[in-house]
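S.K.: Chains as they are written, first to last, in this note's numbering: chain F, 1 to 356; chain V, 1 to 336; chain Y, 1 to 415.
If you're looking for bench data, these hints aren't it; they were derived computationally from the structure. The reader is advised that the hints may include incorrect statements.
Claimed, not checked - Only some residues are given here: those of chain Y computed to face chain V with a beta carbon under 7 Å:
| id | residue |
| --- | --- |
| 1 | V212 |
| 2 | Q241 |
| 3 | K382 |
For each residue, glycine too, the CB sits at the ideal point set by N, CA and C.
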Amino acid sequence: MNSSRLFSGSFSLRELHPATIVTVVFLIAYPSFASNFFILQIGAYSLILGTIALSLMMLAGYGGMVSLAQLTVAGLAAYLMAILGDNSMGVMGLGWPWWLTVIVSVLGAALFSTFIGAVSVRTEGIYTIMITLAVAVAFFYFVRQNYVLFNGFTGFAGVEPPTLFGVYWRDPVPFYYLTLTVAAGFFFAVYYCARSTFGLGLQAIRDNPRRMRALGFNITLHRIVAYFFAGVIAGFAGVLLVWFNGRVSPGTIGVDVAIDILVIAVVGGMRHPIGPFIGAIAFVLLENFAIDLIDRERFNMVIGTAFLLVVLFSPDGLLGLWNRFRDRFRFRGNALLGAERVNKDDPASTGSLEKS
Amino acid sequence: MRSFVERHTFWAIVILLAAVLFLWMIFAVWPEWLIDTLGRKKTFVNTLLNGVTLGGLYFLVASGFTLIFGLMRNVNLAHGSMYLLGAYIGYEVADRTGSWFFGLAIAFIAVAISGILLQYLVFRRMAGDDLRQTLVTIGISIIAADAMLAIWTGTTYQFSPPDWLFGAADLPIISVIRSSGDAVYIKYPIYRLAVLLVAVAVGVALWVFLNRTRIGMMIRAGVNDRDMLAASGVNVQMVFVLVFAIGAGLAGFAGVIGGTALSVAPGEDIRYLLASLVVVIVGGLGSITGAAIGALIIGLAEQFGLAYFPTYGVVLTFLIMVVVLAVRPQGLMGGR
Amino acid sequence: MAKIRHLMAAAIALSFTGTAVASAEDIKMGALATLEGAFTVLGEDGMRGVKLALEEFDYTAGGKKIKLITGSSDASPDSAVRAVRKLVEQDGVQIVVGPLSGSEGLAVKDYAKTQPDVTFLNGSSAAQDTTLRSPAENFFRFNTEGAQWMAGLGEYAYNEKGYRSVAVLAEDYSFPYTQVFGFLEPFCRLGGKSPIDARFWVPIGNKDYSSVIAALPDDVDAIYVALGGADAVNFLTQYEQSGGDLPLIGGSITVDQSVLGSKGKARSFVVGTPSAGPVSDTWDDPRWKEFVAAYKAAFPDGFPSPSLFAHAYYINTKAALLALNEVNGDLSDGQKKYREALSNLSFETPTGMVSVDERRNAIADIFLTEVIEGPDGNLLNKTIKVIPQVNQTLGVSYEKFLEYGQVGRENPSCS
C-alpha cells in the first residue's frame, strides 16, 4: 500500500513536521488577531462543518460507505438538544441539565447512525448512498410535519450553551476554543483509529470484504460499529451546530445541505482526516465571500463545478492535488510514482469500492 | 400460476378473496357502515386511481433509472435533472410549434442525446469505478439544476395538452345513488388515464424489447455478466450507449408527461430523483418488473397518505422503503 | 506529510481577516434577500424595491451617502442569520433591510436582540410572531403580516357572499396558518363554520392535489385556499380538470397576478373568487399608478407590475431613509434618536399611510379584491374595498389578541 503512510504511517513527536507546529500555533493563536466575525462564522463554523464531514470521511474514506445521512445524524442531536434542554419556542424544552442533554443527544444521534448503518450495510455498497439519501429526506419531511415533538416547519430557536466556570460559552472566543477542542479531539481519534486493529479491519473490509469474511471477521458488525463511531462524531458536531446557530429547523438538515457536506468531504479529500477541514474552510470562505467577488446567484454553480472537477480529475480532493503536485516536484525523474498513486487500483483512493 | 395455487392453496384463497373484496369496493354502491369507517366512496376510488396513475408516471421515470443501473452499475443521480431538462425542452418546443406531441418527441430525443454524451464523455472514462461515477452524477445534477434555474428562472410552467386530453370523463363506477334514484358517476381527468395508458404501453414495449429482440438479449446478457458479453464479440460500449440513451430519453419523455399532469418548476428534479430512488429500492435495483411494482406501491402509498392522513403522508413512502429493506434488502424483485 | 497545506489554509484565512473600514461620512445599509435557490425571482424583486427607494433618494439621506451592501440567503433561517451576521459583523452595516420569508424573519429578529447597536427593518417576511410575541427593540416592520392581509375577507365571505361553512386547503406551515387564522377568526365570530376535519394541510411543495381534491367535502359553501406560486397554479388546474364546482376564497398569494397570468389553460372558473392582501395590482389610485410606472421605468426586465415583495422592501427601505432624513443622519448613542424617529414615523406609501404600533409592526391599508374577467378575456383582480389602517391585533386589544393563542392547524377551532 503505497500511500499507507498518509493515514497509518509511523508517527512520533520527534518527527513532527514544522508545518504541523505552525498550524497548531496558528489555530490556538487565531482568536488573538481575528475579528469576532472571523472567529465565529469562519473559524468555528468551518470546524463544525469539518467535524460533520469528518464523520463522513471516516465512513467513506476508511469504510467505503458514502453516507449522505451524516448531517441528519448531527441534526437529530441538534433537535434533541432543543427538545430535552431549553428553547424559546414554548414547545417541548424539558429543561434537563446541560450535561445530561449533551450526553443523551450524542448517544441518541449515535444510535440513529447505528440504525442507518444497520439498514444500509446489509445491501451492496452502492446502495448505501441511495438509502442514506432516502433516510435523510425522510427525516427532513418527518421533522417538518411533526409539531408535537419537532415543532414542524418553524423548528426551535433560543438553544444556548450553558454558562460554566463564569464563561458564557456562546461568546466568540470560548466557543471557538470549544469547537477547536472537539474538532481536534475527533481529528486525532480518527487519525489513530485508522491505525488501530479496528481501523485496519475496516479498511481491509473496504478493499476486500470477501477475503475478510473468509478470515473470520464479522464484516457487518464491523461496519455498523463504524457507523456508531461516526454517529458520535456527528452527534457532537450537531450539539455544536445548534449552539452556534442558536436554532434548528428542517432547513438545517435539508438535502441541499447534506449534499454540501458530501461536497466538503470530497473536495477536501477523503484519504486523510485533515481533508474535511480543508474542504470546510474552502466552502465557508466561498459561501461568505462569493457574494463580494461574483454574483451570489450562481453560488451553486461554483460549488458544483468545483466538486465535479475534483471528482473528475483529482479523486483525492485538494489534498490529493497537493500530494501529486509535491510528488511531481520531488520525484521529477520518476513522475510515474505520483501518477500511480491516483490510479484506481489504489485501494486508498475514494473511488475504490468493494468489488464483490 | 397453477403450481402456485397447488403449493400455496391458503395464500391463493386469501389473494382471491382480497381481489374480490377490492372489486366489490370499486363497483358496488357503498353501504352506510363502510362510509362511516372509510369516508365517501368518491374519495376512495379517486385516490385509488390517482395512486395507480401516479405509479404509472413514477414507472416511466424509474424504468430508465433501473435499466441504466442494471447494466452499468451506475447509480445515475442526475436522472432527476434529465426529467426536468426534458420537461423544459418539451415546453419550449411545444410552445413554439404549438404541438404538444412534437414537444414530447423532441424531449425524448434531446435528453437521449444528452444521455449519450454523458455516457460517451464521462462514464466511459471511469468504467468500473461505480462510486466515482455516482459522485460525478451528483456534481452534474448540482450544476444542471443551477443552469436550468438560470435559463428558465423559478417560474412555474404548465403545458397545454390537446383539448381532447383535457377535462374530466365519467367513469362507469357509481359513486352514490341520490335519494331521487339518480346514480352519480365518478368523474376522472382524462389526461391521467392517458398517463396510465402510456405507462402500460411503455412497460409492455420495454418488456418486448428486452425479451424478444436481439439487442434486448444482449442487454440482458450484459446485466448478468458484462465481461462474458464482451468476450463473445459484442461491442459492449455500443450497448451501453444505447441503454443510456433509452434510459435518459425515458426520463425526458416522463418530464413532458409528468409536467403536463402537474407542472414544471425548479425542485422537481430532486422530487423525481427521490421517487425513482425509493421505487427502485423497493422494487429491486435493475429489475423492470420491480420498478413497475415499486412504482405502483409508492404511487398508491403517496396518494392514500395525502388523502387520508396528509400530515405524515410524505413519510409513509420512506417507511415502506425501510420496511422492505429490513425484510428483503435486495428489494422485492431484486435477484442479487 | 499533510502539513504544509495547513500553512496554505492559514494564509487564505489571514488574507481575509482585515475588516473593511467605512468612510466616516457614509452610512452603510445592508439588504438581505433570497438570491439563490427556487425563490431567487422573488428575492430579486425585493431588491428592486430596495433600489427603487434608494434611487428616489438619490442614495443620500440625512446629508450622508448611503452605501448599499447586499446579502443573500437560500430561504432557510440558518442561512439568513449567517448572511445577516456577515453584513453586520464583517461589512459593518448600521441598518439592515430584510429578510424575505417568515421563518427567516423570526431568526433575524432573534439575532437583532444580540446586536443592540444596529437597526433592523423587515424585508417582506410576514410571520406574526416576529413582532407579536417577544419582539426585538431594534426590529421594525413597516409592512403588514399574514393575518392583517386577510382583514375584511372573513366578513365579506359571510355577509356579502353568504357563505356559512367553508373547507380549508392550505400549505402546512406558519404563513398559511396565519392567513387561515386571519380569515377564519372574523368568519367564525360571525357564526360561520369550518370544522377541523374539513381542513386539509398539505406539505409545502406538493404538486399533486388530485387526491386532496377528491377528499374535499361537498357539503360546504366554499373552499378557502391558501397556497402560493406553483402550488396554487397546480391546484387550480387540477381542480378544473377533476370537474370541481365549489366557489373558492383565496389567500393573499393564491389568486394574485403571477398565478392568474401564468401560462397554460385559462381558468375562467376562478372568476368571482374574493381575496385580500397588502397590494392590489389594478388599484386605480394615482399613488399606486405612479409607483408602478417608476418600477417599470427603472426595471424594464422586472415583473409586469411590482410584486408584494418589491412593495414591502420598498416601504421598509423608504422608512429607513425618511427617518435618516429626520435625524440628519445621526446614528450616535446606539441609534437612539433614529429609532425614536422610526417609531414616530408616519408616511405616505403607494398603498396609503403607514405607521408602526408600539411593538414596531405596521398599521396600514389592506385591499379586498375579487377576480374578474378583463376586457380582452384575461383575468384580473378588481379592488372591491380598501380596509383602512389595519393593525396587528385586528382591532382588539393586545391582551385579548394574545388570548387567541398561537396560530396553528386548529386555531380557531370554529365549530
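S.K.: Hint by hint, say whether it matches the structure.
M.R.: Each hint, compared with the structure:
1. V212: holds, 6 Å
2. Q241: holds, 4 Å
3. K382: Hint violated; Y/K382 Cβ to chain V Cβ min 24 Å, cut 7 Å.
In this structure, only the earlier hint numbered 3 is contradicted, and the remaining ones agree with it.
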